[in-house]
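**Student:** Listed in order, the protein sequences are those of chains A and B.
Position 125, counted from 1, in the first sequence is what my numbering calls 125; the numbers after and before it change by one each time, with no gaps.
Position 88, counted from 1, in the second sequence is what my numbering calls 683; the numbers after and before it change by one each time, with no gaps.
It is possible that some hints are incorrect.
[To be verified] Derived coverage of chain B by chain A (criterion: at least 3 residues anywhere in the stretch with Cβ under 8 Å from a Cβ of chain A; other residues may be distant):
#, region
1, 658–668
2, 713–727
[Said to hold, decoys possible] Cut-off 27 Å, straight-line C-alpha distance, at most; resulting in silico cross-link-like pairs (DSS-like, lysine-lysine):
#, chain 1, residue 1, chain 2, residue 2
3, A, Lys-193, B, Lys-763
4, B, Lys-763, A, Lys-204
5, A, Lys-215, A, Lys-365
6, A, Lys-204, B, Lys-643
7, B, Lys-642, A, Lys-9
8, B, Lys-698, A, Lys-4
9, B, Lys-675, A, Lys-159
10, A, Lys-9, B, Lys-675
11, B, Lys-642, A, Lys-143
12, B, Lys-643, A, Lys-4
13, A, Lys-7, B, Lys-642
Derived by calculation from the structure, the hints in this document are not laboratory data.
Yeah, the Cβ is synthetic: ideal placement off N, Cα and C, and Gly gets one too.
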Amino acid sequence: MAEKLQKYKTKQIPGAELLLKCLEDQDVEVIFGYPGGAVLPIYDALFKNNRIKHILVRHEQAAVHAAEGYARSTGKVGVVLVTSGPGATNAVTGLTDALMDSVPVVCLTGQVPTHLVGTDAFQEADTSGITRQCTKHNYLVTKSADLQVIVLEAFHVAKTGRPGPVLIDLPKDILMLDAPYSNSPEIQEEATKRYYPRINPDAKAIKDAVRILKKAKKPIIYGGGGIINSGLKASENLEKLVNMTGWPTTLTLMGLGALPAEDKHFLGMLGMHGTYEANLAMYNCDVMLNVGARFDDRVTGKLSEFSPQSEKIHIDIDGSSINKNIQVDVGIVGDAGVVLDALISEMKTQSFEPNSTALEKWWQKINEWRSRECLRYKQINQVIKPQFAIERLYELTKNKDTFVTTEVGQHQMWAAQYFGFNKPNRWMTSGGLGTMGYGLPAAMGVQVAHPNSLVIDISGEGSFMMNMQELSTISQYNLPVKIFILNNEWLGMVRQWQELIHGGRYSQSYSASLPDFVKLADTFGMTGLVAEYASDLDDVINKMLETDGPVIADIRIEKEENCFPMIPSGAAHNEMILGPDDQEGAISESGKILV
Amino acid sequence: MLDTQNIESHTLSVLVDDEPGVLARVVGLFSGRGYNIESLTVSVVDKKKKTSRISVVTTGTPQVINQIEQLLSRLIPVHKVEDLTNGSPHVERELALVKIVNKGDSRIESLRIADSFRARILDSSLNSFVFEVTGASEKVSAFIDLMESLGKVEVARTGICGITRGNKIDLVD
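Same shape as in the complex, but just chain B (with noise of 0.2 Å):
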């Protein structure tokens, strides 16, 4: 009998290649079976060798994270899937950009928290800011947070990114 009870959230990482209809493939195989994705990031990384990464947050028990990971494996495009949060010391990162449309005292306010978050100044005027944070997912929502207890806000996030900590390179061929 298969764990149902012990949901965990899990960063894949996942080399593909840069073709028509990869990132379906990829998006399609979770809708298609019920599973959730949390954030997905893919840009090409290697215009040489024509490869992008896809990091995809998804959640399940642990047989339901390794049959994604088996999933993945097999479809034709994918060269490596790697569980981060299974193996090896990894970064996470993830950027927002939040507008807020406020004055007075809030105004000033946020600017001190965004200060407080190394958040940079991207765009101003006067009643609104658009504030580029940078940081662990957890960061960027704290971020958010506050920065909606404070007047009118517009997010952007580009879900996260991650990789592996050291000397290891992932090679395609």
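The following block holds chain A by itself, in its conformation from the complex (with noise of 0.2 Å):
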């Protein structure tokens, strides 16, 4: 690596403050981090640096999944600086999720210094080699004068091609000693040029999908997070295609906001607890057209019996997530935008017309499908239901540009279901990795990068006590977020589970000695607010919308309610269970062995 800086003319400055140079040139804004012996000298440098603003959170997981909801809801790379040892292996589990949904993180780990390492140190851990398959990339900076280079290498390899978590460990003593410094222009491309995804697609493999495309019947096209990562245009692309086609179009829990909800093409999110015409439109097609998702085991089901008479194309830059789990018929590895672009190109040079007369009946018999209102539920007495709580939040901000984090569980999938999202960038949850206590922080991520926007965490009452410690982070910066925790009294998808699979044995899924929230709200100065009736839903979330600050709003909803409709485990996508009426025996014994 150094070699590539001896071509330039370069200054000495000590590690710490090169570090936080590279980050301005990288324009970093804010770092979310806690400090500890290791990184000091990067504090140091933070206290006389006045253009980059640090979040101290109370947890290093926090700060990573803040750096998530940061770069989720801006498209940039979220920063994270944490100290050696325990800050280091508190990072894995944001890391990892970051990994999962690939977010672009740079996370700034310290590390003892370089003659120490090796020899069980005061907070060292071998960071390096715990985090080598949780990250991207990952390196140990062991020369000064590779810190530049390696920097900048991050950065680059963080946000191109499927973005993803990169960490640099960096020993106290490279952050003190000089290290050279060059700021020619030549050096970010001299320092990236050995990692170059491919973005754009092959030629040959657009022309296969468009004679496929044009021969469609029954098609859909089934949309994920590699749109949003893409960026603005790849969306408003997607929208072109699906105006352009008259197509069905579903969205993975990761693509929500690709297309606006509101779009009559839109039949709702696919998969296990995805809608049913959505499902049965995947079941039945003859065409498939994948734009940035994976076959991810939540959405396909029972693999032997995924859409099975369909023909396939799948659009992802990773190369690697072809004919991974599905095989398909035509693979384009590229950027989705880029790659909606030359599809829509093609299309009209190869004068695509959609067939009209079959596509009416397809979507006649969609017709059918949604007619069954798979969503529908009842809200009868005053026990307030999950499903008519997250209806009426989104009734009652949709005039605003609302951004919404979630933690994970059945108030995730009920926030998936019944919130609409207009705009990509808007809807930030932990889908991979499946991480309770992500949406408390990622709240926090999104709040900084947009101080003005309604930033609203829709939790449950077992995962916001996962993280709940930053609490204290949001009071100190003030970060008006509004917690919206729909409160059943238990871990409630654990419950579910043990009532579909296990007998009803609900073991270690009740959620005792919850704390008041009211009260807790006010111990760190916000505002906490409680629902106990139907009827006070209304005042409640338009009470937490007009206050200023941050919010607790305690949502005492119905306990037992189940999340449907639901694929069950090992099933396929004309196997869904629709509500409580059918669910007896709805999984078989092969299922049981599945999450």
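Hints are included, so try docking the two chains, each in its own frame, into the full complex.
**Tutor:** Structure, rendered in structure tokens:
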């Protein structure tokens, strides 16, 4: 690495200052972090720096989630700074989360000085070893001369291709010693040229894809998080394609917002808790166009019966996603936005016309499935149905530019089902890893990036308590995050699976000893609200929205409500449970071993 | 539905930057995803450009092999992945050092077999030899099998290393 700098004129500055200079060069505005012995030189440099803001979290896991929230709501790289040893190990869950959901994050970890590495020194951990499998790439800096090049490459790797977390482990002596810095504009190119993932699609694959699309009678577009990660242009292109074809479109959990929820072609989310019409359209289609999704097991259900009659086209920036779970007819490696552009222009070249008679019939069929109203629920008495709570929250916020984060569990699925996302980058949730405790710190990151926007963490009482120490951070920076807790006093998704699979033996899934959330809010100087009855709900939501600062709203919901519709584990898309009436015996023996 | 039946053995040749952790990345990829490594050899091949070549023999269905190739390609320090088994013609060789301890007729017989396998004697004592044998893995295995029937044997094998035939050269950059 060091030799890359040799061609350029450099000046010597202390490693920690050089690091901040590199961050400034990358237009980093904010760092989420927590100090400790090994990173003291960086904190000292930060003390003297007035361009980079630092948000002091209360736990390193939260720093990574906050950076993820920042990254996903802006499209920029989120930056984390933690110390060696426990600082680094605490960050591991966040890094894994960012890897699974392809979120660009650069994590700077302190390390014991190079001469102590390997001696089991105080707060030493083999950070580069521990995080090798949970980062897209990582570095241990062993020579000062490498520092600038490594930082440049780290940012490039984090945001280029399929985005992901990159970690730089920084021994304390490297931070204190002088290191060479070059402000030559060519250094960027020099430092980043060994990683160049494929962005532009293969022309032949595009032609093959269009040939298949032209034959489609029962098509479906299945979009995922790759569209969001590609940037606004990709979502615009998706909308263009949908309008040009008139084809039904479904989105994954990670893709919500890529097509406006209000678009008439949108069938809702697909997969385990997706809509009946989306899943049946996937099952019965003859041509499937997957744009930036990865055939995740939550989406496919039983692999052997996944969309058995369709020809499949898969667009993905990561070649290893193609033919991983599902064998496809045409795989196109490239950036979702660029590929959609190429696809649309090739469709025009090949004078593509949707088959309108066949399409009309297909929509008739889809509308029949739609008429089952799989998301219908009954709000009959005063006990608040969780679906009703989310629906009201959506209704009362939809004229605002609202950002939503969630934790993991039933509330997450209800949010995905009942909250409409009409723009990309407005929905931040832990999809791949399913990290409880993601939503609250992620909401902080979103709020830091968008100080004047409405940011809501839709939460469950169980997940909330996994990172509730961050209330202190929220309070310190007066981040006006609205925490909307669907409180059923259960780890609801665990309880639901125990009901469906384990004979209702509710082992360890009851949320005992919950705090009084109103008083809890009070101790952190924020507003606490509670809604016990359906008739309270609108008032509580309105009060929450009118409050300037942070709010915890404790929404006491129906305790034993299950999340439907549901593809039971081990079943296919056409074997959905629509409600409590058909849940009896729905899960096969082989399905029970699946998670 | 993916094929889970046809298990094949493939030799992959991977050109990587010679930097700390690169082997751990490659090996971790296999162990983390439950893929097999039948043999692995690695060494620096270009000191100036700081590149190493890793030759790895793995087994799996064609989809799994393709998956491994793709996963290796996306590692940052990996410059090139070549599936020698699937690609253009190539040669593969393996080297083994075989120590045998025996006496009398067995000792004479092992020497005769070593000669027919073109094995070289690297070391000898009154009741032992160390042979060096090079060739295709099957040949090396056959030699070891024969030696085992003639005395006490200890073996060190390099694992397969391979390269394409013809005038094509891999260049980094």
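**Student:** Going through the earlier hints one by one, which of them does the structure break, listed in rising order?
**Tutor:** Numbers 2, 6, 8 and 10, in rising order.
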